[in-house]
Amino acid sequence: MAEYKPIRKVVSGNYAAAYAVKHARVQVVAAYPITPQTSIIEKIAEFIANGEADIQYVPVESEHSAMAASIGASAAGARAFTATSAQGLALMHEMLHWASGARLPVVMVDVNRAMAPPWSVWDDQTDSLSQRDTGWMQFYAENNQEVYDGVLMAFKIAETVNLPAMVIESAFILSHTYDVVEMIPQELVDEFLPPRKPLYDLADFSQPFSVGALGGPNDYYEFRYKIAKAMEDAVKVIKDVGKEFGERFGRDYSEMIEKGYVDDADFVFMGMGSLMGTVKEAVELLRKEGYKVGYAKVRWFRPFPKEELREIAESVKGIAVLDRNYSFGQEGILFNESKGVLYNTDARPIIKNYIVGLGGRDFTVPDVKAIAENMKKVIEAGKLDREVEWYHLKR
Amino acid sequence: MEIPENVRKRLSIPAEEHFFAGHTACQGCGASLGIRYVLKAYGRKTIFVIPACCSTIIAGPWPYTALDANLFHTAFETTGAVISGIEAALKARGIKVKGDDGVMVVGWAGDGGTADIGLQALSGFLERGHDAVYIMYDNEAYMNTGIQRSSSTPYGAWTTNTPGGKRHFLEKRHKKKVIDIVIAHEVPYAATASVAFPEDFIRKLKKARKVEGPAFIQLFAPCPTGWRSPTDKSIEIARLAVQTAYFPLFEYENGKYKINMPSPKKEPKPIEEFLKLQGRFKYMTKEDIENLQSWVLREWEKLKKLAEVFG
Ligand SMILES: Cc1ncc(C[n+]2csc(CCOP(=O)(O)OP(=O)(O)O)c2C)c(N)n1
Ligand code: SF4
Chain A
1 MAEYKPIRKV VSGNYAAAYA VKHARVQVVA AYPITPQTSI IEKIAEFIAN GEADIQYVPV
61 ESEHSAMAAS IGASAAGARA FTATSAQGLA LMHEMLHWAS GARLPVVMVD VNRAMAPPWS
121 VWDDQTDSLS QRDTGWMQFY AENNQEVYDG VLMAFKIAET VNLPAMVIES AFILSHTYDV
181 VEMIPQELVD EFLPPRKPLY DLADFSQPFS VGALGGPNDY YEFRYKIAKA MEDAVKVIKD
241 VGKEFGERFG RDYSEMIEKG YVDDADFVFM GMGSLMGTVK EAVELLRKEG YKVGYAKVRW
301 FRPFPKEELR EIAESVKGIA VLDRNYSFGQ EGILFNESKG VLYNTDARPI IKNYIVGLGG
361 RDFTVPDVKA IAENMKKVIE AGKLDREVEW YHLKR
Chain B
1 MEIPENVRKR LSIPAEEHFF AGHTACQGCG ASLGIRYVLK AYGRKTIFVI PACCSTIIAG
61 PWPYTALDAN LFHTAFETTG AVISGIEAAL KARGIKVKGD DGVMVVGWAG DGGTADIGLQ
121 ALSGFLERGH DAVYIMYDNE AYMNTGIQRS SSTPYGAWTT NTPGGKRHFL EKRHKKKVID
181 IVIAHEVPYA ATASVAFPED FIRKLKKARK VEGPAFIQLF APCPTGWRSP TDKSIEIARL
241 AVQTAYFPLF EYENGKYKIN MPSPKKEPKP IEEFLKLQGR FKYMTKEDIE NLQSWVLREW
301 EKLKKLAEVF G
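Here the protein sequences line up with chains A and B, keeping their order.
Residue numbers for the first sequence follow the numbering used here, so the first one is 1 and each next one is one higher.
Residue numbers for the second sequence follow the numbering used here, so the first one is 1 and each next one is one higher.
One should not assume that every hint holds.
Unchecked claim - So the derived label-pair ranges between C-beta atoms look like this:
1. A:Glu307 to B:Cys26: 45 to 55 Å
2. A:Glu46 to B:Gly43: 32 to 42 Å
3. B:Gly213 to A:Lys226: 58 to 68 Å
Hints were generated in silico from the structure; no laboratory data involved.
Glycine included, every Cβ here is placed at the ideal spot set by N, Cα and C.
With the sequences and hints as input, model every part of the structure.
What follows is the structure, encoded as structure tokens:
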């Protein structure tokens with residue numbers, strides 16, 4: 001193994017994704033523009049134009065076709081990538097099921113953007129979380145470095161379990177914000193991520209076969225079970241690949257939930273994506289002020305890190321779940337999932353849902369502090385004031 | 001039996017079979033004949049892409065396949081996009097496509113999946129110029145969901161959502177000219193074909209294999225179930241569609257039009273001959289038939305002009 005000397009580049013989250021696609025030696029990219037995803041594909045096109053990447057680029061006429069073409073490419077044995085956001089992801093929905101159903105390890109970056117109407121191009125997790133049940137793995141990146149690392153790991157994990165994976169970054173907060181990213185020299189990426197070995201290959205004519213044919217009630221059920229099983233198996237693969245990544249490149253992703261100050265915390269903030277950067281900073285400050293708080297950053301939402309969450313629940317009195325998303329008629333989606341996981345355990349800390357930052361509303365360190373105050377009161381009182389709070393709602 | 005030399009010379013249809021017995025099409029199904037001919041023309045090294053339609057079922061349920069080729073089933077509206085992705089992947093992997101010995105990527109979709117819901121993906125495929133062949137088998141309705149109209153359903157036809165009845169709720173629009181839309185993309189090759197003329201169809205398939213870029217064939221494929229026609233009349237009906245100029249056979253190649261059948265000099269037979277064999281037209285009034293007849297002749301004149309000027 002060659003010695004790892006990172007190449008530092010100041011890039012946007014979108015460019016970090018594009019570099020990862022290049023380094024992953026993706027063979028086919030089919031994509032359609034949408035703000036704020038567009039610059040991922042533009043950068044990839046630039047790599048191709050400059051002769052820096054050998055990629056077949058299919059400029060499709062819609063996101064539905066972007067996913068369909070990626071599926072075709074993947075079924076024909078290629079490493080395939082696409083990227084989108086919000087309305088584009090919603091338009092892909094039908095085909096997301098097709099990718100997982102046909103067991104194709106397509107990797108996609110979704111730039112989290114609010115759904116219209118009203119039109120909004122800003123950050124919100126509802127687009128990706130609406131795809132929860134499509135059989136896609138979901139990785140939420142906190143910063144540009146995690147976008148880059150996430151794409152590389154996603155390919156390895158997806159191609160091991162034969163399920164597609166989504167790497168999710170925030171609109172503008174990451175997609176268009178420049179930061180230092182440590183990139184990995186090509187030959188080391190190649191060692192980490194060898195060429196894909198497809199589960200099946202449409203270009204193999206040794207005997208005729210069909211994919212996706214009618215499955216009657218006698219067979220369909222087992223097909224679903226195999227996806228369920230693959231998703232379960234993915235937990236170990238994710239941890240192993242995350243650990244390997246840490247050993248090779250110094251950034252460890254073996255935890256599906258990244259934890260900080262959890263062991264002696266009264267309560268923790270839990271959430272996903274870039275807002276956890278703000279939370280981590282706030283926790284450092286709050287700790288200095290004597291608050292016994294910690295954080296739990298959920299990296300992988302699918303498969304859901306049940307065991308790790310249960311462990312956290314055993315040691316804390318409360319969990320403040322921060323959701324930059326909402327499921328109408330119910331509550332925040334991460335909150336909803338977390339409560340479900342904790343029901344069948346003895347450890348049932350107080351768990352409260354804060355809806356924050358929808359559609360790009362600023363979410364800042366003072367906001368975290370205000371939530372800490374409220375959470376502290378709730379824990380002292382030993383009961384919830386309310387289960388779901390729309391934080392910073394204009395009255 | 002020994003085939004006499006003079007007959008053998010005329011047989012241009014390959015003898016090999018790549019479409020297995022045991023497929024699940026109805027008796028007299030034009031689409032199933034179409035699949036058989038495509039496989040005869042292209043052989044084993046073919047990747048078929050079939051969206052939701054009758055052919056999904058014809059190919060057979062998991063784990064069976066009636067096709068001696070590889071088959072990817074896909075969503076209704078995605079044929080054009082999926083064949084684009086497959087072609088891109090083969091190129092990325094350095095696998096030869098088309099030509100004499102390359103892999104054939106074939107989109108095989110119904111009129112519904114082509115003229116309606118899949119038109120956008122078809123357009124994208126054509127416009128981007130992928131090396132694949134798209135075949136629309138035209139049975140003039142959505143058969144798989146139980147005979148509903150498509151934009152390729154002819155004027156005056158009964159379907160389950162244009163059921164005729166007292167208020168004369170029959171299909172009121174003429175057939176969408178998908179081939180014209182295709183040609184508007186300035187594709188290298190587009191043609192109409194019919195299961196009643198397999199030699200012509202296979203010749204066109206072979207031509208489609210040779211051209212660089214996308215090729216499109218609209219194949220007339222009778223459906224006895226949906227057309228309310230006797231199962232042994234499919235070929236006769238398909239032949240009459242050509243002879244009446246209701247569905248003329250022609251090719252468009254690099255800007256040039258060529259009529260194959262019927263002879264441009266011959267007068268088309270009256271449209272009634274085509275209509276009378278099919279129950280789906282039985283609600284048509286005299287005016288309806290006249291209306292359809294004049295549309296057919298108008299379109300036929302148009303095609304003849306095109307062949308004359310751009311021949
Ligand atoms: C998005 C979507 N909408 C509707 C359907 C239901 N559907 C399946 S096949 C079909 C009709 C197919 O018609 P056509 O393409 O003409 O082929 P045919 O069945 O006549 O062979 C429809 C409407 C579907 N599968 N997907
Ligand atoms: S319904 Fe028509 S198109 Fe479908 S299998 Fe039967 S005959 Fe063929």
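We went through each hint and held it up to the structure:
For the pair Glu307 (chain A) and Cys26 (chain B), the supplied restraint of 45 to 55 Å holds, since their beta-carbon distance comes to about 54 Å. One distance hint, 32 to 42 Å for the beta-carbon pair Glu46 (chain A) and Gly43 (chain B), holds here, with the actual separation near 41 Å. Taking the beta carbon of each, Gly213 (chain B) and Lys226 (chain A) are about 39 Å apart, not inside 58 to 68 Å as hinted.
Comparing the model with each earlier hint shows a violation of hint 3 alone; every other hint is respected.
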